[in-house]
Structure formats: structure tokens, C-alpha cells
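**Student:** Here is how the chains run, residue by residue.
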Amino acid sequence: MTWYEPDADWTYADRRLIVSRCIVLWAFMIFIMADFLVFSFVFASPWIIGTFAALLLGLWFTWLIYRSVTAHAWAEREDDLIVKRGRMFRSVTVVPYGRMQFVEVSAGPLARAFGLATVQLHTASTGTDASLSGVKAADAETIRDRMTSRGEARLAGL
Amino acid sequence: MTFKEATNVVYSAPREWTRVHPVSPYLGSGPIFGFIAIYGIARITPSWVAGDSEEYQAINMLPPWVLVGLVVLAILAVIGFGVLSWTRNEYRIGDESMMLRKGILFRQNKQARLDRIEAVDVVQPLLARVFGLAKLTVSVAGGAGSGIDLSFLRLGDAEALRNEVLALAARAKMPDAVAGFPAPGTQGAGEVGYEAAAASASAPSLRDLAANVGVTHTTTAVPAAPERDVYAVPTGRLLLSVLFSTATVWLGIGALSLIVAALVFGSAVGEAILSVIGTSLFAFLAFIAAIGAYFWQQINGGFNFTASTSPDGLRLRHGLLETRRQTVTPGRVQAVLVRQPWLWKAKGWYRITMNVAGYTEDQEKVSTLLPVGTLEDVRLALSLVLPSATDDFLERAVVGTGAEDGFTPSPQRARLVDPFQWRQRGVRAGDAALLIRSGRWTRDLAVVPNERTQSLGVSQGPLQRLRHLASVEVHSTPGPVRPLAANMDLDTALDLLDQQADRATAGRGAGRV
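These protein sequence lines map, in sequence, to chains A and B. Using our numbering, you'd call the opening residue of the first sequence number 1 and step up by one each time. Using our numbering, you'd call the opening residue of the second sequence number 1001 and step up by one each time.
It should be emphasised that the hints constitute simulated quantities derived from the structure, not laboratory data. Worth double-checking, as some hints may not be accurate.
[Claimed, not checked] If the Cβ cut is set under 10 Å, some of the chain A residues that face chain B in the computed set are:
#: 1; residue: 4
#: 2; residue: 6
#: 3; residue: 10
#: 4; residue: 11
#: 5; residue: 42
#: 6; residue: 56
#: 7; residue: 80
#: 8; residue: 98
#: 9; residue: 126
#: 10; residue: 127
C-beta atoms are modelled at their ideal positions from N, C-alpha and C, and glycine is treated no differently.
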């Protein structure tokens, strides 16, 4: 076994999340690159190296975003939800529905523009890292309702 | 007990809005401001009276009656503020919850559901203790700031209120027991768990009694549930244990090196040290105070430590100047950590800390189950909080290494990632609980009952992947215990994840909560 691959119906994060995250990344990176470009004109040309460094860094981060979004997936099993994330540092979290305290759906302006949302499951533990990123906005509500009803059916208190 | 007697008892938990003790506003942070103000005035007065400073000419320009008036006004304002905040600090008990409303400018309304109560503490800070008052802290599951603090009540009232709240809470949680689940902690394991089992077996009958009293005589107070002491920490052992700590060792090394330096280099060093102390006296005092505070915390928290069982739950009493009487309702301990610092090895002493869901603040003060104790104490303590998870493994479980005692150790491949602890790491999945041990010099054993597992996680970094390793974390409620089985064999870790998820489900099915 190389990694946790149970027989389950995995739902992968929506690819639009890559675009949405890249916009944030490149907004920042272009700002940095512009800074270095101005420096290179005002002071001396070696500053131009900074621009290229930022460009390379941005490309690398873009690659990382692509890799991490395509690795992020979740599956609703009968009794629990499994969330997997990451490639270099990978992790799997198993959350029994009965342990769910509440479910939170959130979406920032950019995510809304792309029709995406984040669904976060909260248990009594702060260590539970069970947030689903890149959920289609239309699905988010149904996931939330489904989780809530399953949680109530299997409620175990603390 | 006859009900006739009970009706004569004066105090019962208020169903109407009731105020706390009138002295309360002056016992909190008020006195500190008072002392600061008095200190400030005392500093100014001499030079003002002497009249030799021009700074205070402005004061002299005011006529005396204005000065007197200002002082009177200040006193009135303090009293008025106290009275106002006292009238705006009220609590009551409802059918389903306990309610508190307080605040002058920013009003605060709080509700603590009775069936969600995890623990009820009676705390007496030094000043309150002088006046025979106490603070009642009700902790509920629901994150930081969700509990209710009643400060201050008369000690007797606070205790009576605690008893009644606990009885009501037990009744509010009753439907679960009626639905066919066994009361938590009734399956005591072997000899060790016997006493705890006996205590909880008697619980339902006493609960019924308390519940009946509540129903038929709503005006009677609920008597304290009978307590039975299980273990206590002798003062001598506590003081020794504080002495046998890493902090003492460092302090000793520091003092020794100073002495050695003074001997080798003569009086020059002594003068240098004195001049450092002289120039930065404040920093030096702060340093001394910090060291003192550390030792004080250890001694005050563990002083007179007594643990007992009662139908209301686990009772812990401790404290030297600030005393605390905790009651953790049955089955609310989420995880425990048995720890042996390296200096305690020779003595065979252990410390136990625990996670309780409602305790979100002052972890250091409230999360200690046993400040320092022998293996026998550890056994008793665990039988109190996890009766089903105790068996004869303990002897070796804390001190063992590798594959001893049915533990699954980390493979030798883990050495690269984990050079110090890999030999001590191990996991044992029992029917009742998951045991995780670790620590090269400070030995740790984390115990998480299967049915208390919140969620599970497995993670792997690049180095771990290289070595075919993974770490499994059991998520527990916030507290001092963070159970992590690091650097296990990957296949073992994944099996553990699957099986533990099943065991957790099975455990929850068998016994609620």
C-alpha cells in the first residue's frame, strides 16, 4: 500500500479553484515584479534579477497550487467523511458524522465569482482539519444539509 | 434522609433572577486599581503638602472644598459603580439551562444548557476566601467563553447551587440512560476498577432520589452527593516533586556557575554581578518573580490534592491560597496523559493531565488529574476516569519500549526521521482505548477511549515517504493531551486508521457520550 486509497466515491475539488487561487497569487506576484522593474530602472539594472526570481517563484507556486488542488478530494461514506489533501505533505482526515458539531459554508467574493464555496466541518476538537475547498456553490448547500441530517441521525454527543 | 428535613433547608437554586453577593464588584480586579490609585496619591501628597514643587501649584489654586468634593465624588463613583454592576449581575436556573445576564455598558446574556454541562467548579481566590465567598464556574461543551462564571456567592450557597445544578444536569442527561444505554463507566475492569464501578453502580438510585426531590419539592435544596476519597497527594511528596524538576536543575546550574566564576575570578565577578543587579534591578526582580511564579504554580495547584468519587462525578480538591473544588460529571474526560519526567524515574512518580471538553481556560489549573503520584495512584486515577480502559497493562505500558506489552513500535527505518524517540514510540489499540507512548527522557503515555475519539488523521511528509512511514493523530478536545503516534510503519498506520474508525463507531454504539 502506498497511500490511503479506500474504495470510495471520491469527489475532487473543482478545477476552477486553481484559477481562483492563481488570481490571488499573481495579483501579488505582479505587484512584486513591478516593484523590481521600477527599481531596475531607477537604480541599477541588476535589480531586474528580482523580477525574474519573482516570476520563477510565481510559476513554482502555480505548479504547487495545481498539484494541491488536484490532490484535494473528499468522499462521503456511510458513517464518516474522509478528506484527503496534499502531495508533498499529504494527509487524510476521517470525521464520523456523529461527531459533527456544526457545518459552516463560506465563500469570499472571488470564490463567489467562480461559483465556489468552502464547506467546513467542526467537531469538538480544534485539531480536526476537515474543510472542503473548491466545492461547487450549488453543491455546498446540499452537502451541508446532507451532513447535518446524517450528523443528527448518528449524533453521539461528546 | 427524609423529605421533611429537606424542606427546612433555606437555600435552593433560584428560579427567578437573583443577584450575586453585593461585595462581588469590589473583589475582582477593583482592588488592584484601588491600590494603584492609593499608591499614586501617596506619592504625590508629600511634595504637595510641603509645597516645594511647582508641579502641584494648580492643585493649590483650587479652594479646599473643591478638593474635598472631588475626593467624595470619587468615592461615591466607586461605590455607585459597584452597586450598579452588582444590580446588573444576575443569574437564574431554568428548566433546561442556567442563565446569566451582566454588564452595564455592554450587556451580556449567557445560557448554559444543563444537559451539556461538563464540569462545575467552586473556586475561592484568596481575597474571596477571606470573606467566605466563592466563585462558581460552570463549564459546558461549546468552546471558549461558553461557560458561566458566577462571582461571588457565599461559599455555602455556591456549594448548594453546585449540588443542585449537578443533580439537574444528571436528570437532563437521563433520557439517554432510559433509552437503554448503560450509565457511563459501569463496566469496571477487574480489581482495579471495582471501587469505581461500585460507586457508579450506586449512582442511578441516588440520581433518582435527587430527581424526585427536585420534582416534588422544588423548594428544597439538593444535598451534596456522598463522596469517597480515592487518593491524596502528601505535601512532602509534592514539595519533593517540585524540587526534582528540570527548572530546579537549571537554577542549580546557574547558581553553581556563578559561584564557580566568583571563586575563579575573585571579587571582580561579584562586583560585576552586583552592578548588573543594581542597574537593572527591575529586570532582576521580574526574573526572580517568574521563577517564583513557576514554583508557586506547581505547589499551589497540587497542594492538598484529593480526588474522590461521587454520583455527581469526579471530585478534585486542591489549592493552598486559591482553593478549587472541581466536579467533572461522569464520563466527560476525553483523554488522559500519564507522564514521567526523567527526574522522577528513580522515585517512580507520575503526573496525569486530562482533556475535559468544557475546560477552555486556565488549563494549567484545571486539567491536572494527579500532580504527582505512585503507580498505584495512577491506577486509581485511571480507574476513576476511564473504568473500562484500565487493566494490568499499566505496570509496563508507561515505562516499556519497543514491542513490549503488545505495543506496535515504530520500525527501525524511523531512525532517520526520529533519531531520539523512535525506540520509545509505540501504539496499542485495545478494545476500550487507544494507547500511544513516546518520549525518550520524559516518558508519555496518552490514553484515548475509543468512544471519545473526535476524528482521526494520518499524515506523511517527504522524508517519511522515503522511509515508508506515516503519523496518526487522534483528535481530542482542546487540552493538554494531544495524542499523536508519530512515524509508524505506513501500512500499520493505515490499518490503524481504518480499524480505529470502526472501533470508535462500535464504542459509541455501546456506551453513549
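**Student:** Hint by hint, note whether the structure agrees.
**Tutor:** For each hint, the structure was consulted:
Evaluation of the residue 4 of chain A hint against chain B yields a held restraint, the C-beta minimum of about 5 Å falling below 10 Å. Hint status for residue 6 of chain A relative to chain B: holds, with the closest Cβ pair at about 7 Å, below 10 Å. The interface hint given for residue 10 of chain A is violated, since its Cβ lies 16 Å from the closest Cβ of chain B, which is over the 10 Å cut-off. The criterion of a C-beta within 10 Å of any C-beta in chain B is not met by residue 11 of chain A, whose closest approach is roughly 19 Å, and the hint is violated.
Evaluation of the residue 42 of chain A hint against chain B yields a violated restraint, the C-beta minimum of about 41 Å exceeding 10 Å. With a cut of 10 Å, the hint placing residue 56 of chain A at the interface with chain B is violated, because the nearest CB-to-CB distance is about 21 Å. Nearest Cβ of chain B to the Cβ of residue 80 of chain A: about 6 Å, under the 10 Å cut. The hint holds. Hint status for residue 98 of chain A relative to chain B: holds, with the closest Cβ pair at about 6 Å, below 10 Å.
Hint status for residue 126 of chain A: holds, given a least beta-carbon distance of 5 Å to chain B, under 10 Å. A cut of 10 Å between beta carbons decides the hint on residue 127 of chain A: the least distance to chain B is about 4 Å, and the hint holds.
Comparing the model with each numbered hint stated earlier shows that hints 3, 4, 5 and 6 do not hold.
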